[in-house]
Structure formats: C-alpha cells, structure tokens
Amino acid sequence: MNSNVTRIPTTIALTLALVSGLSGCGGNKPAEGGAGAGSAASPAGGGGGGPKPAGGTILIGHYGSMTGSEATFGQSTDNGIRLAVRERNAAGGVKGKTIELKTYDDQGKAQEAGTAVTRLITDDRVTAILGEVASTLSLAGGRVAQQYGVPMISPSSTNPAVTQIGDMVFRVCFLDSFQGWVEAKFARETLKAGKAAILYDQSQAYSKGLKDYFKKAFEYQGGIVTTEQAYSGGDQDFSAQLTTIRATKPDVLFVPGYYTDAGNVSIQVRKLGITVPMLGGDGWDSTQLAAIGKDAIEGSYYSNHYSFQEERPEVKNFVEKYKADYGRVPDGLAALGYDAARLLFDAMDRAESLEGKTLGAAIAATKGFKGVTGIISMDENRDAKKSAVIVQMKGGIPVYVTTIEPPQ
Amino acid sequence: MDGVAVGSLYALIALGYTMVYGILQFINFAHSDVFVLGAWISYTLAVGLGYAAADAEPSVLAAVGILLAAMAACGAAGFTIERLAYRPLRRAPRLNVLITAIGVSLLLQNVGQLKWSFGTQPQRMPSVLADRVLGSVAGVQVHLVDLIGAGTALALMLVLDRLIFHTRLGRAMRAVSHDTTVAALMGINVDAVISFTFVLGSSLAAAAGFLYAMKYPGLNQPAHATWVLLGLKAFVAAVIGGIGNVRGAMLGGILIGFIELFGAAYLSPHLRDIYVFSILILVLLVRPSGILGRAVAEKV
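Protein chains in written order, with my numbering: chain A, 1 to 408; chain B, 1001 to 1300.
Don't read these hints as lab results, they were simulated from the structure. You may find that some hints are simply not true.
Partial selection, computed: residues in chain B whose CB lies under 7 Å from chain A [claimed, not checked]:
#1 Q1113
#2 T1120
#3 R1124
#4 S1127
#5 Y1216
#6 N1220
#7 T1226
#8 A1264
#9 A1265
#10 P1269
#11 H1270
Once the Cα atoms are required to be at most 30 Å apart in a straight line, the calculated BS3-like pairs of lysine-lysine come out as [unchecked claim]:
#12 A:K185 x A:K321
#13 A:K367 x A:K385
#14 A:K215 x A:K385
#15 A:K216 x A:K385
#16 B:K1115 x A:K321
#17 A:K97 x A:K109
#18 A:K185 x A:K195
#19 B:K1115 x A:K249
#20 A:K394 x A:K370
#21 B:K1115 x A:K357
#22 A:K109 x B:K1115
#23 A:K97 x A:K394
#24 A:K394 x B:K1115
#25 A:K249 x A:K316
If you anchor each label on the Cβ, the simulated ranges turn out as follows [unchecked claim]:
#26 A:G327 x B:F1079: 34 to 40 Å
#27 A:K367 x B:K1115: 55 to 61 Å
#28 B:F1262 x A:A205: 47 to 53 Å
#29 A:Q202 x B:I1102: 25 to 31 Å
#30 B:F1079 x A:A91: 54 to 60 Å
#31 B:I1102 x A:D379: 44 to 50 Å
#32 A:Q202 x B:L1134: 30 to 36 Å
#33 A:D167 x B:A1225: 31 to 37 Å
#34 B:T1167 x A:G299: 35 to 41 Å
#35 B:A1069 x A:Q392: 49 to 55 Å
Heads up, the beta-carbon is just placed ideally off N, CA and C, and yes, glycines get one too.
The task is simple: from the sequences and hints, build the whole structure.
In structure tokens form, the structure reads like this:
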C-alpha cells in the first residue's frame, strides 16, 4: 500500500517529463530558448552572447564515443564541432536560424551507434548528422542515415567502405589507401628506408587496412617488407613480436595502431634495443602518445590530417580559438570535427532547402572548401580529396615535417 | 622470466576470486575492477608524490609506501562493496548476488572514467623503481622490475598462506568456508570473517595492480576491454587451480602466465589468449574440479 502511494506521483512526473520533452524536440517549431529534452547535450551548443539570429533553430546531431576505450575520439570531435557551431551562431547562424547541436554517446559500440542515429532522426528530427570516428561505427550509423535519407558526414572514418553505403554518406578526411601511400612515400624518399617491418593491430579493421595499403605502396616503390607481426589492441606485452622484428634488421618499424598501443610498443621497442624510427598513422594522434611513450617515442614519425604548427590562416585561427575555449592544443580529430561542421554549414548556405536530398546534393558539390585540415573537394564517391602532413615527435610534441599532396 | 612475473600477478588476482568463492560460493565479477582501481590509485599516488617529473629519483621507500597505500585503499573499497552491495543479499538467491556483482563492476568502471577520478585517457605510470637489466640467463634478460614484482607477489602469497593455515582468523575463515551455519553456531562472527576475506582479496588485487603498473607502465583507461580480459585470465587461473582452493589459485596463476608467454614466444603471439582458454577447456574436460580441486580437503 505504501508503495502505491509513492508510485502515483512518480508516474505523473514521468509522463509530464515525457510530454514536455517530446514537445521540446520538435525542431521546426519556433522555440523560445531552444530548451530541448537534451539531457545528453551540454549547454554549449546554444551559444552565449553575440547577435541573436531571429527565426528558430536548425537541429543537427552528433554521435560519438564520449565514454569507453576511445573516449578521447568522441570528446575531441565534439569539442571541434561545438566550436564551429558557436562561431557560426555568433556570425548569425545559417539562413537566419540558430544552429543547435545534440550529442549522443555511443560508447564506442556499433549497436549503440545505430541506436543513437535512429534516435537522432526519429525522435529529434535532426537536419543532418555528424559522426563517427571509428569506421565500424560509421558503417553502423551510416546505414541508418541512408535508410532515412538524412545526410551524414563522417569527420574521420578512413575506411573506404563507409561512403560506399550510399548517396547520403560523406567524409571530410582522406582514405587509408592514400595514407598508406603517403607513409610509404615518406619512408622511401625521405627516410631512405629499404627494409620495413610491420607490427599491426589484428583486432582493428583500420590497422589491418592501413598495413595492407602501406605494404603494397612500399613494395611498389622498391622497398622490402621484412616481416608482418600482429598484436591485439590493449595488449601489454610485445616482446615475442619485437624479438622477431629485431632479427630482420629493418630500417623503419611501421606501427599502424592507436596511440595507447603505439606508446606501449615504443617503450618495449627501445627496451629491446631497437633504435630505428617508428612510423605510424593518424591513429597515433593524441597528446597521450607522448605522455605514455615519453623518451621512447621521441624521433618517431606519423602521418596526420593537419599540424597545429602550419602557417595557414585557417589553422592559426582554429588553434587560437580552440586553446582559448578548451585550454589545450587541438588534435587532428578536433580539427576534422570542426571542418565537418563548417563544411556542412557551407553546404546549407548553398542548398535551396534543408531537405535531405537537396542538402546531400549540396554537400556532394563542395569544391575547394578551405578547411583547417586542407583544401577539401568532394569526389564522385563522396570522399574528400586532400593532402596529408607528416609530423615527428620532438620534445613531447608533434613537430611539422612536410605536407604530401595527393597524386594527380 | 616474464612468465613468472606475469604469472604471479595472475595468481594474486586469482586469490581474491577463489577466497570469495570458497566462502560465499559466488564469483565476484567486480574483483578485476578492484585490481584496476589498485593500478590507478598507484598511478595517482606516484604522480601526486612528484614522480612524473623527468628528474625524479626512484626510491624503494616510496614504492613500498605506494604499494601499502594502494592495498589499504582497495581493502577499504572491498570492505565497502561487500557491506553495501553483497551483505544485504546474504539470504537472497545466488543469482541475485551474481547480477549485483556485474552491476558493481559496471559502476566501478564508469566511476573510474569520470573527470574527477581517473578520466578517460590512458596514462604513463611514473617509474618509482629504477629498472635495469641484471644480466641474462640462457639468452633471457632478467629485469630488476620483474624480479621485484615476482618476489613481492610470492612474499604476499606466503603471508596469506600462513595467515590462513596458521592463525585463529585463518581457522575461522576455513570454518566459515566449510559450513557457514555451523561456524556461526560455534561462535564465529561470520559477517566479520566475510568482510575480512573481501579486504584481504581486494588488497592483494591492489598489490597486483601496482606491480602490473610497474611492469607495463602504459596504463589503459579504467574501462578498457584489456582489463576485463586480464581479470578473466586470473579467473581462469582460479578455476584451473580448483576454485575455492588458495594454493590452487597460486599454482593456476603461474601456470597461466607461463602458458601464455611461452605460447606467444615459441608458437605464435597472435593466438596468446587462445592458449589460456584452451587450457581451461582441457582442464574442465579432464578434471572439472581443477588441478588441486580435490587434493586438498580444506577449502577457503
């Protein structure tokens, strides 16, 4: 009996919350403050001062790994996107409307990614979607977006299969095939490496793909791959693989994994007395690489989407604002999140309406967009054609070495 | 050498699983998270004491201090978990306790990721102990850290063994494990014994966490899947040794460490997890009660 008494008010409260929540996320309704049901979104998306755009809001969605093993990916990307949204709202929004961002956490899990995108489209009725970083999750989310005909831009999924889902899925980063080629070219021409050994993460499609592309390009350019060894992401002991690698006397060690593992690998590489430089991909890009690797990672190289030391005005402006807002140097994922959001706003400006097909066509028509991560043009596969940079770890920070343009 | 070092860590964690199982007949799934807590508390203390600085001098005193502090903190955590989560369910069906254990595990993982606790970033454990190569035996390098790690683990296990088989408290633990009701009738404070078991198991897990962080300084973030796998392997060690049997857990841990690292070194490193779980299947098929499952009558 006692429990009945308490249960009734709870039910009423829940219903009320639900009703007010539903009416709040209508999206096309001229909302006063834009107070949606957003318990997941932090208030940063609304924008503080500046000139208030008059007519309503445009809701866009972001799904990413805000928690879980790859939490830094989602968090960095979200920071970049939120910065772009604030900037745009301060400059009057898009088509006279305020941009509002809603972020859902997918915990780095594929099934959660699908659910998050479904929620964004059916519950929140977003105009467009940004996400994900990991290719497996973009594949899960992209299928849902394609099915409902809502454009989705992946900031940083480099696996070719992502944009092959259909005409509603785009990306603003380069592909692994290009990245593998860039690294092989750098190893052959700049490092003058004749022999390369590979240690890759067998549990990540990203790492396996990049390894294959690197190997192909490196051998095509006249190099020899001495051995291919594998580990599983999160492993702590690489001594068996590294002993084999040491015996083949390579000139360079290619480690196309993520930063935590790369840092751990570097510690043991130096412990075993291997002195050749290590080479990695954009998965290395995190401040934690130096935090974990310390001395061991010094002198190693990786390819990335941009370097915060580049002199281009877009880069300077972005790095300055990001530092002011978040108190640290933006990594490549933050830059790509920022570019994805800005490219979307640019397409919204050009599109006659914000209906899925029209907006999608406008994104596909993007040519020569000046982003922080290079000049972006969409090709016929909805992939971005752009340059890559090579950086070297020196004194705990990635120092800009060179830019490599795509082959014509 | 790595086999002994890693194996003795598995053994330390396995002890916590096996002691709790011996007394309560349930698998404490939150145990591996206490191990993670131990590793991360060690990291926090080491950074707090200024060992993250490049010119910090390693010191044995600080290492012992951090080890004991982490053990005390995790012991307290183990006590709290038992008091708040498991004790209210003492008379509930075992399945409820099991599900609660999974809940506690998720709670610890997610609290560990919060900004004010350990965060979502992997970190580098500062070197509190100086590591150097002491020499090599048959082509195998012997590192000081491995030696200290294995030595500490073995010492702790010896202390535990003495405690269980040669003290009044140990006798009480064995009695509770044998028959809780009768033990209670004989005037043993069952709740206190169970609490003590949790404190003991958790502080051993914390010691394993500290030693693990010393050996593999790149700490994965608190909810990383690797930690779960490590805990799972320790659990396998407990099962192989005979769950509920303390000496079996020690044996199982070292066995698992050897099998994993020898398999990785001489067969193929790609399948290292598979060796461990194949052994589990083999043991379950041939001797379901574990290697020492029946050999020793008294279980704790």
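Now for the hints, and whether the structure bears them out:
no., hint, result
1, Q1113, "holds (6 Å)"
2, T1120, "holds (3 Å)"
3, R1124, "holds (5 Å)"
4, S1127, "violated (10 Å)"
5, Y1216, "holds (4 Å)"
6, N1220, "holds (6 Å)"
7, T1226, "holds (3 Å)"
8, A1264, "holds (4 Å)"
9, A1265, "holds (4 Å)"
10, P1269, "holds (4 Å)"
11, H1270, "holds (5 Å)"
12, A:K185 x A:K321, "violated (34 Å)"
13, A:K367 x A:K385, "holds (10 Å)"
14, A:K215 x A:K385, "holds (22 Å)"
15, A:K216 x A:K385, "holds (20 Å)"
16, B:K1115 x A:K321, "holds (23 Å)"
17, A:K97 x A:K109, "violated (33 Å)"
18, A:K185 x A:K195, "holds (13 Å)"
19, B:K1115 x A:K249, "violated (43 Å)"
20, A:K394 x A:K370, "holds (29 Å)"
21, B:K1115 x A:K357, "violated (41 Å)"
22, A:K109 x B:K1115, "holds (21 Å)"
23, A:K97 x A:K394, "violated (45 Å)"
24, A:K394 x B:K1115, "holds (29 Å)"
25, A:K249 x A:K316, "violated (41 Å)"
26, A:G327 x B:F1079: 34 to 40 Å, "holds (38 Å)"
27, A:K367 x B:K1115: 55 to 61 Å, "violated (41 Å)"
28, B:F1262 x A:A205: 47 to 53 Å, "violated (30 Å)"
29, A:Q202 x B:I1102: 25 to 31 Å, "holds (28 Å)"
30, B:F1079 x A:A91: 54 to 60 Å, "holds (57 Å)"
31, B:I1102 x A:D379: 44 to 50 Å, "holds (47 Å)"
32, A:Q202 x B:L1134: 30 to 36 Å, "holds (33 Å)"
33, A:D167 x B:A1225: 31 to 37 Å, "holds (35 Å)"
34, B:T1167 x A:G299: 35 to 41 Å, "violated (55 Å)"
35, B:A1069 x A:Q392: 49 to 55 Å, "violated (39 Å)"
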